[in-house]
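Visitor: Residues per chain are reported as follows:
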Amino acid sequence: MPKKIGVYICHCGSNIAGTVDVEAVAEFAKGLGGVTLAKDYKFMCSDPGQDMLKEDIRSSGLDGVVIAACSPLMHELTFRKAALEAGLNPFLVQIANIREQCSWVTEDRALATQKAKALVAGAVARALSHEPLEMRRVEVQPSALIVGGGIAGIQAALDLADAGVQVYMVEREPTIGGHMAMFDKTFPTLDCSACILTPKMTAVGSHPNIQLMAYSEVEEVSGYIGNFRVKVRRKAAYVDHDKCTGCGLCMEKCPYKVDSEFDQGLSKRRAIYVPFPQAVPNKPVIDRDACAYFKKGKCRVCEKVCEPGAIDFEQQDSIEEIETGAIIVSTGFQAMDMTAMPQLGYGKHAEVYSALEFERLNNAAGPTLGKIVTKDGREPTSVAILHCTGSRDENYHRYCSRVCCMYALKYAHLIKEKIPEAAVYQFYIDMRCFGKGYEEFYQRLQEEGVRFIRGKAAQVWSGKEYRAIATDDTGLEVDDAQLVVQAEDTLLGKLVRVPVDMIVLTPAFEARDDAEQVGKAFLLNRGADGFFLEQHPKLAPVSTTNDGVFIAGGCQGPKDIPDTVAQGSAAASKALSLITRREIEIEANTAYIDEELCSGCKNCLDICPYNAIDFDDEKNRAVLNEALCKACGTCAATCPSGAIRARHFADDQIFAEIEGVMSI
Amino acid sequence: MSFEPKIVGFLCNWCSYTGADLAGTSRMKYLPNVRVVRIMCSGRLDPTFVMKAFSQGADAVLVAGCHPGDCHYQNGNMKTLRRIPLLRRTLAQLGIEPERLRLEWVSASEGERYQSVVNEFVEQVRKLGPLNLELDPSVERAAG
Amino acid sequence: MEVATPFLEVAEAIEQGGAEDLNVCYQCATCTGSCPWGFVEPLNVRRLIHLAQLGLEGYEGEDIWRCTTCNTCKIRCPRGVGIVDLIRSIRMMIGETGLIPQSLRAALGSTKSEGNPWSGERKLRNKWAADLGFTPFDKNEHEYLLFACCMPSYDSRSRKLVEAVAKVLSAAGIRAGVLGSEESCCGESIRKIGDEGLFGNLAEGNGKLFAEHGVERVLVISPHCYHTFKNEYPELGTSVQVTHMTELMASAIAAGKLDLKKPVDAAVTYHDPCYLGRHNEIYDAPREVLRSIPGVKFTEMIRNRDCSLCCGGGGGRMWMETKFGERFSDLRIPEALGVGADVLATACPYCINMFEDSRLNLNKEDEIRIKDVTELVAEALA
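Protein chains in written order, with the numbering used here: chain G, 1 to 664; chain L, 665 to 808; chain E, 809 to 1190.
A portion of the hints provided could be inaccurate.
As the list claims (entries may be wrong) - Just a few of them, taken from the derived set where beta-carbon distance is under 10 Å, the chain L residues facing chain G: (1) Asp685; (2) Ile703; (3) Leu709; (4) Cys730; (5) Gly733; (6) Leu750; (7) Arg752; (8) Ser780; (9) Gln788; (10) Gly793; (11) Asn796.
I should point out that these hints are in silico values taken from the structure, not numbers from a laboratory. This structure is a prediction, so every number in the text was calculated from the model and none was measured. Beta carbons are placed, not taken as given, at the ideal position from N, Cα and C, and that holds for glycine.
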């Protein structure tokens, strides 16, 4: 019996109809073989549009539907669902993308209409060769893996764990806490970062539903939505954390010191260490690269002083396997290395600080116990804060890092609070204070007497350098230990030079160096800026194109703490809605091997990236494991005997579509 | 009227098709000559798809996939990369200029790149002129 | 306060003259803050750009002619605005109205009639070559065409530089020929002055000459020639492979083809010419060469590599009078002395001339010598 296809041309308001003659396309569709009815309609995705579709399926007995509308990535699921509700197998629906790839990219009405007709003809031809497929139902593991224990991951972990979900949190550092743990105060409310963060860190450490795997890294990810299998490398700490009481004697006695990463190199830590006193877990690890025993074969002082006998130099990395239903990637960001801008003198002049260094300098638990002093112990009488260093800059990062204006204001406040007589200068291009309470904070800082110079700082010299290169008549008095900042104050139209004791840079937020590697492991796309790409910038901000994997926080793009926490909760809620479904349907378009046609050549075995094809030696035939197949279709393209059928993307279906799109 | 080539585009679902959608969402304008057939992975590109397109009157074929290393299915695109030169050689034997088959990497965030790839390719094919394929029975056969 | 009304036709004309990216400037003033004029008499580059964005007047004064096209603003610009091209475009527009400074008119006139901006006779061009043993370029015999800038033909200081080039090439066994007096100025500075038509004629003439003689590889001593051959001639249809003398020496030394035996006992610092450094990112080759000269104690000045201070001679400033107290080259000599150097080395005939002048004006003849890197290499040859 010939198939009956219904064709629907969506106007999408004027989005399609403004460029494509939708009536002409509908008329054209009516003349195509197999088409029983063709209609154009204002909004196919609206309820009345879907109702019309359902009604037609029922009343006209359609056994195939073509929707010419927006991209299938947008609404294919919507129309498949509608078809199912009307009793039509969802795989008998075909979308012709006449919006994103036609009406929006062409201005010429005649050509756009022509292209739309071709795409519709292709879709109709394809729909005629569609076959009903059954969705596969799979169970969802009632657990979630969170990769990265900064504030985004912490928030997500607690939300999920409180909802009763088993959570695995993997953190590469010896402690969770991320960047937020380094901060002193948080803008614009100035509440103490540690005061609001450490209770959450402790909660993660003690929550019965959270298994914290600190000092660990994800090694390999396999499986699929609802059923991921993840290998985690637990790095050897050389300390048995079950035996360790966290007394800290080992750290006191360890004779070897290296720069503290947590304090940005402004203080020293021992070779056996916890990064900071409130660390979670609060158990030390031995840094192999700093430990004298590992380097020279002797010392073992920590072992001698450890009463519970927790030190274990023989410990090895171990691999742990986790099964999880959902994954949240919250691996954070890194601050740009400011030595890339030599004109600003970072790394050359002692009193030029990066933002994180200043956070530590100002932190009550930091290297100076919160006293803002120069490296030689003087209290600065003047500080310049330079905005947009590496951000909004074609040479480094095009994007705005979104938080620098605000923390620059915060720094100004903290300096003014601790050293009221100090002069604080902000060299800015545009003040971007867009959040709740942010503009008010800006005004408050103006009231506090901070000086704003509208112009990007172009050059920084030490006082000594300045005197060596400046001409005599500038009249600027500057001593050796000072720094000179040069910029044009664009509001004055004058070149200004400001002598200061200290400079704080605002390094761009950037994607971590290993973002590419992490992206590959979790099959995440990355944007041109290097950050992980969300599925939709507005409507699916924490979902990704890899179903079941969500992103949150700084790994998705620069953001402040409120936005990071919001994303952490959003990702948790997406993971929760997946997990609570218990069972989900996944694509039915896996490959299929026709045993009759298989010649046993084994070409497909190597080509499958998921090892989903095995070989049955007895039958001399390839055998497909459907659970592992991800439907890429590469095997079908490789099979020389045509024995492998890529369901829903089968040769005859693609051929039909090619014939269709070329028919006009 | 100038010659308007007909080009069939095989775009992988995850990168290139999404990138093409992004060009649309960003309202970038490009020449309307490419008719897109979506495949899940550029690795799905069976050589016969290309033959079929030419035999149906396409003046050129564009294949686009994820950048090397970014394949959603690990390395399907690399398999395509290896197939294309062979395919070009076959085309040459059939009297079709190999430049009529083009492979490009377009990521999900490269709407602009998709725009320029399409515009460049259309202009290139315009210069090559229409494909005058005397329907050689071998092409038909190869197209299955 | 004055009242201004945007004049967008002018803005569009500037855009079309080569400043297509004019409108992406967001007025952060990194350009003004980076400009070498800041050390003597600040130049408000940002304001020039904004005037151009709105097509407003404001180019009557000297400012637009002060730019030395040193490229510092361009490489620092966060929006990647081609500021040097913008300056060129504005000058081009002004040039069409004939309002070019007098001194530049002379340079342009001489280039038009004699093929060089130095008011020297064409027939004297490359006369030095025969004396130094160079033969006319023959593609079968020579690896390179030596295109030695106009200066050695008309300026005695630069003449010493080509003598050193001859010595070094012969020691390294590198065969280079020259073109005769038919060759013209490369036109780099002419283009920066804004005379696009004259630049086109020069490029076309030289391009034709290269083609006639089958020139494929060109060896240059001036970074200005380097820049235009490499980056501008190809647009006009002439593509040759260009090598700067410092690159050639660095690779010859690495290959063991230059035997530097004779110590040159000197504290040497190196000045990065704008067109070698910031315009073409050649920073390491000259330093590698200097470091391999026996006896040389190499020190860096405060402003080095991409932070180098312009000598003041680019963008047509070679032919313009700069007031005493505003000359960049006068700042560079004390800076070199300040790091203990007794030789200020560089790799550009313009820089050398500017510094030689300053050395005399500042009465520092006894304290510092100005040398091209090639000259130091020649000294080190046994």
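Visitor: Now tell me, hint by hint, if it's right for this structure.
Guide: Hints versus structure:
1. Asp685: holds, 4 Å
2. Ile703: holds, 6 Å
3. Leu709: Holds. Min distance 6 Å.
4. Cys730: Where the cut-off is 10 Å and the nearest Cβ of chain G is about 8 Å from L/Cys730, the hint holds.
5. Gly733: holds, 7 Å
6. Leu750: violated, 13 Å
7. Arg752: violated, 16 Å
8. Ser780: violated, 13 Å
9. Gln788: violated, 19 Å
10. Gly793: Where the cut-off is 10 Å and the nearest Cβ of chain G is about 18 Å from L/Gly793, the hint is violated.
11. Asn796: With a minimum Cβ separation of about 16 Å from chain G (threshold 10 Å), the hint on L/Asn796 is violated.
Hints 6, 7, 8, 9, 10, 11 from the list above are not met by this structure, while the remaining hints are.
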